[in-house]
Structures are given as structure tokens and as C-alpha cells.
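Trainee: Under the UniProt record's numbering, think of the first position of the sequence shown as 1, with each following residue one higher.
Any given hint might turn out to be false.
Restraint ranges, calculated between C-beta atoms of paired labels, are given here [said to hold, decoys possible]:
#	residue 1	residue 2	range
1	Glu53	Asp76	36 to 44 Å
2	Ser155	Pro89	14 to 22 Å
3	Arg120	Arg43	19 to 27 Å
4	Gln161	Phe75	38 to 46 Å
Calculated directly from the structure, the hints in this document are not laboratory data.
The beta-carbon is built from N, C-alpha and C at its ideal position, and this holds for glycine as well.
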Amino acid sequence: KRSKATHLPPAARICYDWMVVQGNCHYARDRAVFTTYRPITRRLTHNIFNPHEELEVAGVGTVRVPVVRGLGNPFDTETLELHDVLHIPEAVCNGFNPLLYGSSMSCTSEAWTGADALGRPLWVALPFAGGSRLVLAGNPIGETEIIQGRYYSLSLYLSPQERGELVG
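Work out the full structure: start from the sequences and follow the hints.
Mentor: As C-alpha cells, then:
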């Protein structure tokens with residue numbers, strides 16, 4: 001189990017690591033980031049974070065993620081509104097699946113970028129700890145559990161039955 005850095009102010013204890021993931025859902029670690037929220041009690045049996053344990057889902061809701069559209073201007077921002085986001089308190093980070101957001105994606109060694117159907121830039125992600133992390137507007141600093149050099153399996157797949165029970 002994780003121990004919280006309780007000596008930090010509440011805003012600094014929030015995880016701002018939004019990693020680009022595959023799978024079929026978005027997820028967030030901290031309850032405080034949800035703008036709408038429905039508490040649930042559900043354990044997923046297909047836990048990719050630790051295949052020997054079930055994974056707790058504490059709720060589902062909407063999260064608004066303020067991001068930078070591109071690397072050229074940190075003040076050109078967009079807010080991604082993610083729906084049916086799973087609240088997974090045990091996650092080491094947050095998971096953003098660009099294909100669920102409906103954006104196209106382009107990947108280079110320098111950055112991953114997403115655009116809407118008209119080709120308008122929506123988000124950019126930079127390499128971080130073997131994956132890609134969204135560049136957030138305002139560059140907030142908070143709690144991170146991702147360790148450089150360690151391999152993480154961050155993509156989460158729900159079975160059709162689990163999806164139906166969680167998001168309807």
C-alpha cells in the first residue's frame with residue numbers, strides 16, 4: 001500500500017501524471033480531480049497493475065484535464081473533458097486513452113500529439129519514465145509514484161461485463 005505524503009499541502013498530494021495509455025478506459029487516482037462523481041464499490045478481477053490481487057474501483061465520473069496544445073506556446077491550452085473515468089485509488093498515475101477521446105494521434109521521438117477531426121492540436125505528451133505524459137497547463141507539481149527506469153503496465157482493459165456494471 002502507498003503512504004501519502006501528508007506533510008505536503010493538499011494540492012501537492014494530487015497526482016498530476018496523466019500518462020498516455022491503451023486499453024478501453026481512462027482512470028484517475030485522486031477523488032479530488034473529479035467534477036462529477038458516482039461512488040461505487042467494485043473490484044476488477046483482471047488487475048493489470050498487480051495480477052495477483054483484485055483492483056478496487058471506488059467511483060466513476062468526469063474529469064477535466066487542462067493541457068497544453070503544443071510545445072511552441074505553453075499558454076495555448078485546451079481542457080480535455082473525460083467521461084466515464086474510473087477512480088482507482090491504488091493507481092500509480094492517471095491514465096488518458098487518446099483513442100477514447102476521439103482524437104487522432106501522431107508519435108515522434110520528441111513528442112506525441114493529438115488533434116481533433118479538423119486537425120486542430122488538442123494535446124501534447126512528452127517522454128517520461130518509458131511512456132508519454134500529457135503536458136498540463138500551468139505545469140502543476142504534485143505527488144508522483146512513477147520511478148524512472150522501472151517498467152509499468154498502465155493500460156487497463158475492462159471486460160464487457162465490467163464495463164456495463166461500471167459505466168452502464
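Trainee: State for each hint whether it applies.
Mentor: Taking the hints in turn, this is what the structure says about them:
1. Glu53 - Asp76: 36 to 44 Å: About 42 Å separates the Cβ atoms of Glu53 and Asp76, which means 36 to 44 Å holds.
2. Ser155 - Pro89: 14 to 22 Å: Hint holds: Cβ distance 18 Å, inside 14 to 22 Å.
3. Arg120 - Arg43: 19 to 27 Å: Taking Cβ atoms as reference, Arg120 and Arg43 lie about 40 Å apart, which means the hint is violated.
4. Gln161 - Phe75: 38 to 46 Å: 44 Å, holds
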